[in-house]
Amino acid sequence: MSAADVVEPSAPLSRRARKWRLGRERALTGLTVAGLFLAWLLSTHYGLVNPLFLPSPAAVWTAFVRTATEGYQGSLLHEHLLASLGRVLTGYVLACAIGIPLGIVMGLSRDVKAVFDPVIEFYRPLPPLALYTLIVMWLGIGDTSKVALLFLAALPPLTISSMQAAAGVDPRFVKAARSLGAGKAQLFRHVFLPACLPGICTGMRISLGFTYTVLVAAEIVAATAGLGWMIWDASKFLISDVVIMGLFVLALTGVALDFAIRRCERALTPWRFR
Amino acid sequence: MTTKRTSLWTLAALAAGLVFAAPAGAQDKPAAITIGYLNLVNAQLVTKALGLHEKESGVPIKWVKFGSGGDVNRAVAANQIDFGGVGNPPFAIGVTRDLPYTGIFVLNMLGPVEALVVRTDKNIKSMKDLVGKQGGAPFGSTTHYLFIAALREAGVDPNSVKLLDLSPSDAVAAWMRKDIDAAWVWEPNLDKMVKSGGEILLDSGEMAKRGYPTWDIGVVMNDFAKKYPTAVAAYLRAECAGIDFWLKNPEETVKLVAKELSLPEADAARMIKGTRVVPCAEQITADYLGTTQNKGKFADTMLATATFLKDQGRLPAVKSLADYAGFIDPGYLQKVVGK
Numbered sequence: 001m002s003a004a005d006v007v008e009p010s011a012p013l014s015r016r017a018r019k020w021r022l023g024r025e026r027a028l029t030g031l032t033v034a035g036l037f038l039a040w041l042l043s044t045h046y047g048l049v050n051p052l053f054l055p056s057p058a059a060v061w062t063a064f065v066r067t068a069t070e071g072y073q074g075s076l077l078h079e080h081l082l083a084s085l086g087r088v089l090t091g092y093v094l095a096c097a098i099g100i101p102l103g104i105v106m107g108l109s110r111d112v113k114a115v116f117d118p119v120i121e122f123y124r125p126l127p128p129l130a131l132y133t134l135i136v137m138w139l140g141i142g143d144t145s146k147v148a149l150l151f152l153a154a155l156p157p158l159t160i161s162s163m164q165a166a167a168g169v170d171p172r173f174v175k176a177a178r179s180l181g182a183g184k185a186q187l188f189r190h191v192f193l194p195a196c197l198p199g200i201c202t203g204m205r206i207s208l209g210f211t212y213t214v215l216v217a218a219e220i221v222a223a224t225a226g227l228g229w230m231i232w233d234a235s236k237f238l239i240s241d242v243v244i245m246g247l248f249v250l251a252l253t254g255v256a257l258d259f260a261i262r263r264c265e266r267a268l269t270p271w272r273f274r
Numbered sequence: 001m002t003t004k005r006t007s008l009w010t011l012a013a014l015a016a017g018l019v020f021a022a023p024a025g026a027q028d029k030p031a032a033i034t035i036g037y038l039n040l041v042n043a044q045l046v047t048k049a050l051g052l053h054e055k056e057s058g059v060p061i062k063w064v065k066f067g068s069g070g071d072v073n074r075a076v077a078a079n080q081i082d083f084g085g086v087g088n089p090p091f092a093i094g095v096t097r098d099l100p101y102t103g104i105f106v107l108n109m110l111g112p113v114e115a116l117v118v119r120t121d122k123n124i125k126s127m128k129d130l131v132g133k134q135g136g137a138p139f140g141s142t143t144h145y146l147f148i149a150a151l152r153e154a155g156v157d158p159n160s161v162k163l164l165d166l167s168p169s170d171a172v173a174a175w176m177r178k179d180i181d182a183a184w185v186w187e188p189n190l191d192k193m194v195k196s197g198g199e200i201l202l203d204s205g206e207m208a209k210r211g212y213p214t215w216d217i218g219v220v221m222n223d224f225a226k227k228y229p230t231a232v233a234a235y236l237r238a239e240c241a242g243i244d245f246w247l248k249n250p251e252e253t254v255k256l257v258a259k260e261l262s263l264p265e266a267d268a269a270r271m272i273k274g275t276r277v278v279p280c281a282e283q284i285t286a287d288y289l290g291t292t293q294n295k296g297k298f299a300d301t302m303l304a305t306a307t308f309l310k311d312q313g314r315l316p317a318v319k320s321l322a323d324y325a326g327f328i329d330p331g332y333l334q335k336v337v338g339k
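Residue numbers (full-length UniProt numbering), protein chains in the order written: chain A, 1 to 274; chain B, 1 to 339.
Rather than coming from a laboratory, the hints here were simulated on the basis of the structure.
Hints are not guaranteed to be accurate.
Pairwise CB distance ranges (calculated) [what the hints assert, rightly or not]:
id: 1; chain 1: B; residue 1: Ser160; chain 2: A; residue 2: Arg266; range: 44 to 52 Å
id: 2; chain 1: B; residue 1: Lys335; chain 2: A; residue 2: Leu252; range: 34 to 42 Å
id: 3; chain 1: A; residue 1: Leu82; chain 2: B; residue 2: Asn249; range: 51 to 59 Å
id: 4; chain 1: B; residue 1: Asn159; chain 2: A; residue 2: Phe53; range: 48 to 56 Å
id: 5; chain 1: B; residue 1: Lys29; chain 2: A; residue 2: Leu126; range: 54 to 62 Å
Just so you have them, the derived chain B footprint on chain A, three or more residues with Cβ under 8 Å [unchecked claim]:
id: 6; stretch: 15-28
id: 7; stretch: 138-149
id: 8; stretch: 220-226
id: 9; stretch: 233-245
Note that the Cβ used here is the ideal one computed from N, Cα and C, for glycine as well.
Start from the sequences and build out the full structure, keeping to the hints where you can.
So this is what it looks like as structure tokens:
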């Protein structure tokens, strides 16, 4: 579905041609996945790589089952997952609640933009880990500092995309609505919001993806549960099957989150997907 | 499309070239040497400050500082250093996991330089008082191992203490904010906690007397040692010269260490007292590495450490004593000290 959305055929294709094309794309995707898996299977089976660096698929699967049923260092796999999701979503939802309205206001008022822009532009390019040492000193080693780091990672993409979306609303729409007698509330509800939503949604998607990538960094200091921590701790003890299993869980969860937010996007801005 | 394909092929060709080019240039001298050193107080600081490695090997030396042995193990797994240093628990972990390195000399025996510091106002007088308290140690290091060992010795369930994975510098930050009540770390960070409302409850020297010796061992990557045996000998000559200097010139050593760590000389002097550095000739006796024919007590300590870590669910299996002894090679040092 997504691939078909992105690829814009130069000439309109017939239904059959489109179906064939979609089938071909899926087959190619399947081939890549199968090929990678086969390479993994064979290279570990024939001992081509040190199992420390690349454990076999069977070892990773065993690590998955073991962690799901017996746990890793005191927490079951789903508990690690929930701890991480809790942190990511708390930071992300807070960032949405503050970042989106702030971005819209910044897009509409150049004065507000002048106030907040330097702050966001200054810390945005900082690597999360560098920022984290300072946050730990300020907020301690508990969950507050972890959520704060995720919040700070989530904020800039949200604010910037909301700002651009609000600033980019076609003035003709505004004029047209005004001439029809729309008040401020109506203008916001019926013109600004629908016009901004696609841009905001894109920002939300980018932001969630970025926040998720900061998770491991956020859980390095003094966590006792969480997927990122599990991967970090296992790498300290060179337990590579747990590391790779953790990465798979992390990746699949990331894909699921992205899928969920795309669904939201479809529900909120249905006209873009017609 | 075409450009993309071409660049991909170029990339693949480059990668293949790198893989095959690496072992081709075998010479007796490497172009440069990367030494990973632990952020603690021992004679390696003197060796570094005096530039002894540059003198002995005649090639540029790159020093990389590591917070704990667990990080060194990662760097070894990624093949990013030539020489490194690890404590016995990370060494036992690395060896059990078949990391391609070998222990070649004793960096130091751990004594009061590592200690369990507790918050004075919390009235913690024994290990039992730590139940329900928040503690910190770098996981996988000597002090994490001793923290759990000391709790078990005192009959306290290690799970009844909230133990957090903190590097010594993070532990200081957490301590200053009163997030933790106890931490087992090493100098120079240990002192910062003692100075801000802490007192020492137990130290690694005391644990050694109770049968939990801890030490840091200098390691070399196997491929490097095979390719440049003379560079390994030069490395050990420099380290032994540093150890000699440390033992024979205590006043100069204090000055050098104080400068390396940006500390007042009085603090450096105390930290130096807490570390025991072993003369190279003594390192090949039964109490330490032993000889290639008769391996010393270090191998026994590794087996004991690995067994302990397996009980903690940190290692899947334990190797045999002979296997652990195989990862210690006193041969290079024997040649350097002429025995």
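Right, here's what the structure says about each hint:
no. : hint                              : result
1   : B/Ser160 <-> A/Arg266: 44 to 52 Å : holds, 50 Å
2   : B/Lys335 <-> A/Leu252: 34 to 42 Å : violated, 53 Å
3   : A/Leu82 <-> B/Asn249: 51 to 59 Å  : holds, 58 Å
4   : B/Asn159 <-> A/Phe53: 48 to 56 Å  : violated, 32 Å
5   : B/Lys29 <-> A/Leu126: 54 to 62 Å  : violated, 41 Å
6   : 15-28                             : violated (count 0)
7   : 138-149                           : holds (count 3)
8   : 220-226                           : holds (count 4)
9   : 233-245                           : holds (count 6)
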